[in-house]
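**Student:** Sequences are here, hints too, so could you generate the full structure?
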Amino acid sequence: MKYVDEYRDGNRARQLAEVIAATAAPDRLYRFMEFCGGHTHAISRYGLEDLLPDNIRMIHGPGCPVCVLPAGRIDMAIALAQRPEVTLCVYGDLMRVPGSQRNSLLRAKAAGADVRMVYSTLDAIAIAEQQPAREVVFFAIGFETTTPPSAMAIRLATEKRLGNFSIFCNHVLTPPAIQAILDGVDLADPDQVALDGFVGPAHVSTVIGTRPYEYFAETFAKPVVIAGFEPLDVMQAILMLVQQVNEDRHQVENQYIRAVNRDGNQRAQAAVAEIFELRAQFEWRGLGLIPHSGLKLKPAYAGFDAECRFEMPELTAADNPACECGTILRGVKKPADCKLFGTVCTPDNPMGSCMVSSEGACAAHWTYGRFRDIQRKAS
Amino acid sequence: MSDKRRKLNLRTGHVDLSHGSGGRAMAHLIADVFHAAFNNEWLARGNDQAAFDVGQGRMVMTTDGYVISPLFFPGGNIGSLAVHGTINDVAMAGARPLYLSASFIIEEGFALAELKQIADAMGAAAREAGVPIVTGDTKVVERGKADGVFISTTGIGALPDGLDLSADKARAGDRVLVSGTLGDHGIAVMSKRANMTFDTDLVSDSAALHGLVAAMVAADGAGIRVMRDPTRGGLAATLNELAQQSGVGFRINEESIPVRPAVAAACELLGLDPLNVANEGKLVAIVAPEAAQGLLAAMRAHPLGQDAVDIGEVIADDHRFVQMTTSFGGGRIVDWLSGEQLPRIC
Ligand code: SF4
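Chains A and B are the protein sequences, given in the same order.
At position 335 of the first sequence (counting the first as 1) the number is 335 in the UniProt record's numbering, and the numbers step up by one without a gap.
At position 227 of the second sequence (counting the first as 1) the number is 227 in the UniProt record's numbering, and the numbers step up by one without a gap.
Calculated from the structure, these hints are not laboratory results.
Fair warning: there could be bad hints in the mix.
To be verified - DMTMM-like mimics (lysine to aspartate or glutamate), calculated; alpha carbons at most 20 Å apart, straight line:
no., chain 1, residue 1, chain 2, residue 2
1, B, Lys7, B, Asp120
2, B, Lys139, B, Asp48
3, B, Lys145, B, Asp310
4, B, Lys139, B, Asp16
5, B, Lys169, B, Asp310
6, B, Lys145, A, Asp114
7, A, Lys109, B, Glu114
8, B, Lys139, B, Glu114
9, B, Lys192, A, Asp123
As the list claims (entries may be wrong) - Where chain B lies over chain A, by a calculated footprint (3+ residues, C-beta under 8 Å):
no., stretch
10, 47-57
11, 364-371
For every residue, glycine included, the Cβ atom is placed at its ideal position computed from N, Cα and C.
**Tutor:** Shown next as structure tokens:
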């Protein structure tokens, strides 16, 4: 584990924290959004907030694929799993995500649906091979990182002529979501939080490279630093953002040079381009419909597309109206600002998407940080 | 008709419904598998119950069901686990475990060879611990109605005079001691689950802790407030339970919590927190501050407590939070797990 320990050295973190504090201008506010839930998780789990000066605020963005999946898509998956001929293969953390009517795949499974927890697309392929008489559907979800494995699974299923395998595609794209957030922030509205920069997800950039972010950095004049998920990576990225803001620069910088370059992994990109195409629009929980933000299978692969194969109706379902997920995902409000936080809505009984996955802003704050709300109230 | 007994085929045979019928087949199964493995004077008498002497004073009693997948894992199997787990539940009261009972629910079709392996491991664990399995029960259910084997064990023990450990006794200022590295059992078991793509040399820490407990009680029984073995839910669940029951909070230090590199690596891979992962051979002791050093020394002198450390303190907190100072110097909560521990996507 040597390679991880290096990025978790407490002493180095404290030194870095001192440099950040010395670099940040005391008379200005720095508001950075970490787009990805992996960063949110690292910040909460290592208590990084306590290491930053008060004028550097981290805003937790929408970047958790579980959190942004709308209730309607969960309802569609549940309906699929309830078909007697279908075995639905899903990643573990999707099991508890609430659809509408408080249903979830976990509950559907308890009621008799054949839902299996898997760790990779290959597990789903193996199940399809073992059970030729059943329709095996893989519930594909995730950002650019998890799309290439789904593409590879379709290639493999084609090679093996697997007639009983398909995927329910919910892959989404990072850049359109960042654009939607930037478009949605009303700079004239004092209640809205303006953003001074982004920490970009390294794992996404290992696939797509850093180039797609150059457009935002330019158009919206926001610095972007692509960072790894170890706590020291995040700290270093924050320092790089502070420096850019101080120098009035807005470039795409790469903290994660150990695995990311400007153009990304072109073989993975080619595999994705061969199998998938853009949807006209896709609904994001908390953010609404975002144009060109999701993927579907190309018509040539319709046989592997569960939505074609089973004629699944598009379901939509409204979130709880009191849920503030939308404003939280855009960085306008904090989890504790939501009336439902910690009372009705907890990780055991999530009402909104931000409370579902451990990477969601509400869940991370509840699980690791809620003691700070009490300290704040007391002081 | 000849009464000549057809031997059980322990190599290739399977459990069938007749083995649970109450007839001759069941008698053979019990004799050849369970009595052979547990082998002691109480079982040998062949009664439906065991009679034994009880000493003076207070007894403790506990019961637990074991359902685990896979049944065999590095460092043990469901049988040894059932013995260790129940002995430990008795021992956590500070008591000396005396006797165990074991009840088996076996699925039709289960391989006799595996059943024998499980029973042998139980017998060996009970002998090594000096706590005989003196009575038991066997049922066979139809195929599909159980997952191989389920085992329930009950244990009783004797409490030394004057000892009264209880989960509501933690007080602000008390120290929190753990007897060794965390998460070994949970990760060893997970590594052998179907679909898991990681390999590890880790073995379960499954062990009977009554010897370690006896050493602690001998060193300073009066200084111990609470003991608990952090099994399912790990250290996080144990401390949260104690916080609720005693009406206190905890502050622990991440840097002092012992976790093997292999466990940390596997947790990293699976998106799990070692503090939530199960242990089967570790204990947490909440002790009076003035007793901490002496108890720690007594723990370290015992083979099962060599790596014992002081990981933090009990604090006054109406919110009953378990707080941790991270290795980075920041603060965070250590929470219960919500639902089952499920690996993250990315
Ligand atoms: S606390 Fe729950 S309901 Fe409120 S914003 Fe967060 S997820 Fe939505």
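**Student:** Flag every earlier hint the structure violates by its number, smallest first.
**Tutor:** 3 and 7
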